[in-house]
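Work out the full structure: start from the sequences and follow the hints.
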Amino acid sequence: MSTFFRGPICGTDNCRSRLWRIIDGRRTCQYGHVMEGDVEFNDDEDDINSMGVVTRRLNLTTNVTGSFRSSMNSQLQNSQKNDEFPKVYGAEADRLFLKCFQHILKLQCEYLISYQKFPRAFRECVKLMWMNLLKDMGKDGITNVSSTKSAQGAAQKSDKLGLSLLSSVTLLYLAGAYLKLPVFWFDFLGWICSMKLLYFQANKHLPELWRRQLPNFYLQVLEGGRAPSNAHFYHKLAHMCSRLDAPSTFGTRIAIEPLLVKLLLRLRLPPHLFFHVVQLVRICEDKSSHYTFALNGNSRSRVNKLYEHAEIRMIGYFILCLRYKLLQEDEFLTRYCIAWLKQDHLGCGDDILTSLSYTPVTLETWNDRSTEHYLHWMEKHYLPASTVGFGDTQTIDQRIANRKLHVMFPLKAENSARLNPSVTFVNESQDAYLTIIDALQNISKAGELQEDSKSLASRVEERLVDFFSNLIAVSHAQLNGCVSYLHRSAMRQNPQFRKGRHSKSFR
Amino acid sequence: MFELPATQNSRRIRTIRKLRYQYINALNREYRKVRPNFSPSAALPTPENSAAEEVSDVDGTSASTASIRRKRRRKRLLTILGLAGDSDSELSDSALSEDLHDVEDDSEAHKHHHRYHYDTEKEFYSRHEKPQDTFEVWNTDRSRASPMNCHSMSYTDCKRIERVANRRVLAKNTHLAQPTKLSYFAMRNGLDVDAGPSTAFRDIHIHHLSELLHLNVMDGNWERAYKCFTILIRLPGIDVRSMWGIGVRILRALSPRDESLGTSEEFLSWLSGVYTFKSNFNQSMNFSLDPVFRSGSKTHAAKFVITSLWEALFALIAHDDSDYTKHSKTMDHQLLQLIERISEMVLVPPYIEDPEVWYINSICHLIRADTLSERFVSTDSVSLTGLEKDIARNQVTQHLTHAQSCIKTCNSKDNGFYFPYRSIQEQLALFEKRLYIGQTGTGLPVDYGPGGAETLIRSPFSLDTQGIEAVETSSLENEDEEDFFGRTERVHFGFDSDSSNS
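For the record, the sequence lines run as chains A and B. Here the first sequence is numbered in the numbering used here, starting from 1 and rising by one per residue. Here the second sequence is numbered in the numbering used here, starting from 1 and rising by one per residue.
Calculated from the structure, these hints are not laboratory results. As the structure is a prediction and not an experimental result, all values here were calculated from the model. You may find that some hints are simply not true.
[Said to hold, decoys possible] As a list, the in silico EDC-like pairs of lysine to aspartate or glutamate whose alpha-carbon atoms are at most 20 Å apart: (1) A:Lys404 with B:Glu266; (2) A:Lys412 with B:Glu223; (3) A:Lys404 with B:Asp258; (4) B:Lys278 with A:Asp397; (5) A:Lys412 with B:Asp203; (6) A:Lys196 with B:Asp203.
[Said to hold, decoys possible] Partner residues are not named here, just some residues of chain B that face chain A (Cβ under 7 Å, in silico): (7) Leu182; (8) Met345; (9) Val348.
No residue lacks a Cβ here, since even glycine has one placed at the ideal position from N, Cα and C.
Take a look at the structure:
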């Protein structure tokens with residue numbers, strides 16, 4: 001059966017058909033009316049190619065004055081190419097990128113000051129760091145110019161900026177450490193992964209003009225990509241320290257007490273463990289540097305020595321302390337840890353988002369509570385953040401279609417009673433500690449205390465390593481390596497440890 | 001766990017694909033230099049271009065195979081012309097047939113490629129039949145088999161061909177990104193690069209959402225599934241076409257309870273409106289892969305269009321027996337509208353070639369004929385006078401013939417679509433008999449009283465015996481079937497429907 005094609009309205013006897021087909025060479029409408037004066041000659045048998053004439057349909061229309069021009073489609077394509085704001089390249093692009101980076105840094109500071117109650121001085125401090133960094137870049141540039149135009153120089157120049165979004169976080173971190181604020185990497189990571197602190201898809205928050213001018217590879221740098229993992233942050237931090245010459249200029253040191261308290265509360269471990277850890281640190285560390293750890297600069301030999309980084313070292317001591325204590329068969333801690341191991345979830349509210357940002361395999365994490373929490377966050381934070389400026393990139397047809405679709409699937413208003421967003425950190429931890437205490441009372445003395453202290457310690461340590469590696473985005477192997485190194489060095493420094501677990505110095 | 005509903009939109013994928021076909025084509029060219037008598041159509045011994053099949057064309061089945069081949073060539077031409085971009089609805093039949101006639105073999109099809117846009121992938125596929133076109137046409141007749149192309153080739157020759165082809169490809173692509181280059185080299189060694197699931201922040205969250213969506217659909221937790229779905233469709237880079245089935249199911253579960261939501265029919269009609277089969281997918285301009293079976297094209301009817309027809313059909317028959325007379329008027333109106341809509345649809349491809357649409361069409365006519373002919377058997381209505389009776393009878397006959405012709409067209413399409421042909425024929429015959437009940441006097445056959453006829457005709461769903469329809473839609477529809485009517489007894493027709501229903 002021949003197919004129909006659209007044509008003019010037939011009109012014979014008020015026929016409304018627009019569809020035509022060809023029957024016996026005559027144009028016939030859907031209802032059988034034959035078009036007048038339209039006769040088609042059957043010349044199919046002729047071989048057109050052999051006659052040397054090939055007809056071709058040109059895609060032409062006429063413009064206002066009547067001369068030919070190519071059709072609308074190609075016009076549109078041309079106009080897209082002659083963009084009003086073309087991409088910039090070279091030194092100009094670098095400058096623009098620095099501007100964008102600075103803009104993002106500013107937005108990040110604003111968030112921290114207004115929502116996380118950072119002091120006003122924080123902003124000035126970040127500015128100071130940023131200025132220093134810029135000065136450092138300028139120095140690099142000068143040395144590049146003075147050096148020979150060798151290929152090596154060019155290679156240095158290409159990555160002279162060495163900036164990523166993670167560098168912005170390191171700047172914030174350094175400023176926080178300088179001001180002795182009790183914020184640590186896992187706090188920043190939590191804010192990043194819950195899309196509160198500007199990090200992922202940061203390029204969407206740039207001014208429209210800059211975004212259009214910025215070259216694509218820089219836009220990609222500001223996209224965020226995947227969440228930082230494998231101690232990426234600590235490497236970057238060390239790098240940044242050496243660039244800023246931080247140890248000498250800022251003299252930044254990390255205080256361990258707030259870090260310990262934060263970790264303890266998140267883990268729901270008993271508070272008096274705090275003193276044990278401090279004692280262990282005092283035994284093992286240099287006497288002069290009580291309670292603080294210096295932030296070190298970068299050096300080639302330090303790449304694999306993660307234990308040199310203050311936070312990781314501290315966490316390593318934390319794990320070691322709990323291990324020693326359990327091996328000492330501390331009665332309360334043993335019972336506590338048995339109850340503690342039965343708790344389903346550690347960490348507070350948004351920690352689940354952090355762990356969800358890494359692995360796509362999450363079947364076991366979904367329960368009612370986490371699903372509800374996740375979907376709520378998805379709708380309230382992730383969705384608005386990732387659709388910024390999305391509407392501008394669509395054509396008008398797409399926008400209309402999408403609007404219709406969204407009317408069919410409206411976002412429902414949340415019944416806030418069920419989700420209860422007013423859960424504070426304090427309430428949450430109180431509840432968690434209370435449940436542990438309940439579990440403690442329920443432990444039957446005979447059955448579960450039978451467990452060997454070694455196996456209990458290893459189970460606890462496994463769980464701790466799992467939790468910490470998620471918390472600070474370090475791989476299990478890296479963290480385990482740190483712990484075993486610290487253990488060895490502790491043994492070396494304090495030979496009395498080796499004699500027996502009941503050493504006098506660590507009680 | 002599930003395929004991401006995101007659109008793959010990367011230049012790299014496209015470049016890798018292009019490189020692959022460039023390399024294969026270069027290899028092929030080099031090989032032909034060594035073996036000049038190597039014919040392009042025998043590139044691979046697929047059943048279609050094997051020598052054995054050429055011989056089999058001579059015997060009785062030649063007509064059908066030849067027609068298949070002509071159809072396929074025509075289809076390929078259509079795609080070529082369609083991709084060239086100038087053959088929208090304006091392309092007249094005559095122009096098409098002209099094109100069809102002057103291209104008689106593949107070598108001339110190549111000219112077409114060059115005339116419009118050179119695509120290495122198309123060059124490759126012009127030499128190869130696609131497997132879905134060719135399977136199960138193997139010729140097993142030993143006597144007709146001709147020897148395979150089993151010329152051997154020395155190792156050095158083979159390596160030389162590979163080397164030259166590689167050089168040619170690399171000469172064309174001087175600047176390649178490192179990952180592209182790596183995957184090209186891997187491909188040359190017969191390996192495939194599997195990057196694993198993406199760990200980018202955005203992809204991971206899309207992954208979580210789609211997983212939650214599926215999990216909640218599995219649990220029947222429609223509220224939560226709805227929430228996942230609404231968030232997903234609002235995210236950039238998500239293709240609704242890859243999850244419309246779930247959306248329809250969610251709406252069907254929720255929209256009766258919630259006024260603010262759209263209905264599933266609205267959603268389906270939105271889909272058919274936005275993703276129309278008329279849009280051309282220009283492969284040279286899009287980096288993404290073409291949406292092969294996710295939406296319609298000129299050769300393939302979109303599944304959501306067909307589903308929307310089924311939905312409309314179901315919706316208009318869904319009613320209680322109690323207010324039957326009240327309902328029948330609106331139902332008549334809707335049914336007529338549906339018939340109108342389908343009859344316009346089947347005038348153009350792809351629906352003209354789709355047996356399922358024809359089947360739905362015939363079912364519509366069947367239902368119409370049923371409601372009209374019911375007047376003849378019902379006892380309580382006023383008896384029709386002679387002229388009115390004739391008019392009514394004519395109407396019924398008209399619908400009966402329509403249904404008959406539709407079902408015949410559907411049968412002739414033969415696209416792996418099975419339906420109870422015989423029981424529909426019986427139904428039609430039944431309706432026809434009704435017209436003449438009065439005239440034959442008491443001549444009602446014993447096995448069909450008015451009651452028997454009622455039960456038969458009121459459940460046209462038992463006619464829907466598609467075993468092979470996409471599982472999601474068919475199973476969903478069957479589920480609802482019980483709820484819609486609150487009627488549990490099943491009516492069995494012949495052995496056809498028995499076997500497929502069970």
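* Hints that the structure is at odds with (numbers, increasing) -> Per hint list: 5, 7, 8 violated.
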